[in-house]
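Dock chain B against the given chain A, drawing on the hints supplied.
Chain by chain, the residues run as shown.
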Amino acid sequence: MIPAYLLLLLPLLGIFYFALFGHQEDVGRQNIRFNAVTLFLSLWLAVNVFNSGTLLSAEEYFIVDSFNVYLIVLTAFVGFTTSIFSAPYMAHEKDIGKLTDKRLRLYYSMYQGFMFAMYLVLTTNNMGVMWVAMEAATLATVLLVSLYRTPESIEAAWKYFILCGVGIAQALFGTILLYYAATQFSDAENALMWSVLYENAKLLNPEILEIAFVFMLIGYGTKIGLVPLHNWLPDAHSEGPTPMSAVLSGLLLNDALYAVVRNKMLIDGATDSHIAGYLMMGFGLLSFLVAAFFLHRQKDIKRLFSYSSIEHMGLMTFAFGIGTPFATFAALLHMTVHSLTKSAIFVTVGHAAQISGTQSIEKIRGLIKTQPKVGWGLLIGTLAIAGFPPFGVFTSEFLVLLATMQSFPWLTPFLLLGIGIACAGLFRNVQPMVYGERPEGKQAVQANLWPVMIHLVIVLWLGLAIPNFLADWFTQATILISGSAPL
Amino acid sequence: MDIENLDHYSQLILSLAALVTLTSFIMLAQGRLLRLVFVFALQGFMLVLATTIAAYSFDNPHLYISAAITMALKVLFIPWMLRRHILKLDMHRDVEALSNKTSVMLGGASLVVFSYYVLHPIMQNSSMILLNALSLSLAVILLGMLLMISHHQAIAHVVGFMSIENGLFFAATVSTNGMPMVVELGVAFDVLVAAVLFGIFFLHISSSIDSLDVDKMNRLNEVDQ
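If you read the protein sequences in the order shown, they are chains A and B.
Just so we're aligned, residue 1 is where the first sequence starts under UniProt numbering, counting upward by one.
Just so we're aligned, residue 1 is where the second sequence starts under UniProt numbering, counting upward by one.
If you're looking for bench data, these hints aren't it; they were derived computationally from the structure.
Be a bit skeptical, because a hint or two may be false.
Simulated crosslink set (DSS-like; lysine-lysine; CA at most 25 Å straight-line) [said to hold, decoys possible]: (1) A/94 with A/373; (2) A/94 with A/442; (3) A/159 with A/299; (4) A/369 with A/299; (5) A/159 with B/88; (6) A/159 with B/216; (7) A/363 with A/299; (8) A/299 with B/216; (9) A/442 with A/299.
In isolation and in its complexed conformation, chain A is listed as follows (with noise of 0.2 Å):
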């Protein structure tokens, strides 16, 4: 258990660190340094977990097996390689004017106050802490999503704070129905304790549990971004600056769809019907269906990409719910595909909008001409995530594609539509970005893109061959789960 409480211990610390030193010439490094180190820890833990199974520390308060420390690694790799994207990418902010020092102190602060806030909902073995810790992520994200304090990010901020709070705030109805549930059967301190509720699902009374999660799927569900709780999703990835939409997207989704996760295990526990899993599978399809179109109406680059985060977050929760093994396995990949290529593409965005001063879809043209990396990685992202062969969005979408005609055969032409309208949406606006005739008096940004490359690079190697270690980390995570081995 030790590298999981240094691993609290380390962001932690960096959140006093940053909010003392944050304005010092070479603090980007700093942050990479930082964020290297739990890197570190975070595989050290996964090596853990790998050789003697599901790890419950003494007391009780943590608990890290085989799902969550996937998530974990996914979790601080993510943020390691934004930090190598946001060091230039904060200095040139500072440079044009756009921040002082003490709001890039803020920035460095709050972006360790989020991997603590991350690595908390991660590791906490209290469904409660773990609420706790999901606020403490908003209180986190609504500082950054205000960081230039124009009226748009305000507005943008403001909204984000007031529907996530009050979302959240149903998510906390459900838990204290858990709890209340859970005080039937055991002692009122370790009833919510993940490790004592799950092994004793089976005591929980189904009709307080079945309510209990309706709320929690709505009030989580407003931070995966489901349809029709996503509003405030679109403006806080709009107006942020852009590291903090990579990790948004990168990593605060998926953490909210691992909370919801966790939750539909203990109600299938609990009772045998599959009413969560048909709850989270009308949930997605329809954040699925709707993100798809409103792709084709966006005018602002970062709008468009984070509508693709809820159409990929929706296909994610469709997948969980349907909740065979099979599934299950496909919607685990997914949302370590889904992660890194989106993460990568918020990178190249954010350079293109430096370029070009403007984050307007029609106002950027030509990016290849101007500045060809930045070009080529926004259109092969692009590719990848619209799930082009061979990069692992296709695999695991054509995953989710053959699990779905297994189980609910009908449901098959929906998403292939789904699938269809996305592509045609992102590419209509993606093209004349990045062909065209470069327009007057751009020049080129200081740009670090190793980590669109790195992550391009994994995204398209797990679309070729899945490594043996990950398919069987995988298929315990399943195991998990849902109860049995994909194949």
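Below, chain B without anything else, positioned relative to chain A:
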């Protein structure tokens, strides 16, 4: 349903649940901001009473701590902070004209019925007091949301947000004698940070749109201009 056969604790909690819901309705119809904040503090005080009674009846000392935290946060700090902002931004004379007060109140009433309906399935295996108290706290949560929908001032939104927290806290206290201490402390910390952040946002909003009317924040939308 024989009220006189219940013990004193249950009777008191039921009365307090009714009073907490009543304060939610008063807030819903309130057009003056200072009075709104005062009623909110009153609701917090009912909560403190309920928690103290629960702590005394079940001899559960940790509930005294949560009562003290609620007193400090929801009865003293947050209303004080909101009051200071209202006075500083010179909004204490503003009356918010609620054009559709009747339909809002009727909507509120139907939300109470709805909460009873939603929680009805758990009736078989729980006491009457629990069903009533849980349903009413869900009603307080939903009424808080309605308050946010029907009012335009950012301050009213914060009051709605915080009264949602009150409803959650009441539910936790009556249904299970309070959540585990670590969770309660965490939630209290979140509420405190949220309150401070709201204060910061008031300043930014009022400097960017020159008022706290959130209806004027309409730059971001999906509709073609």
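### Message
To test your reading of the hints: which numbers does this structure violate?
### Response
none
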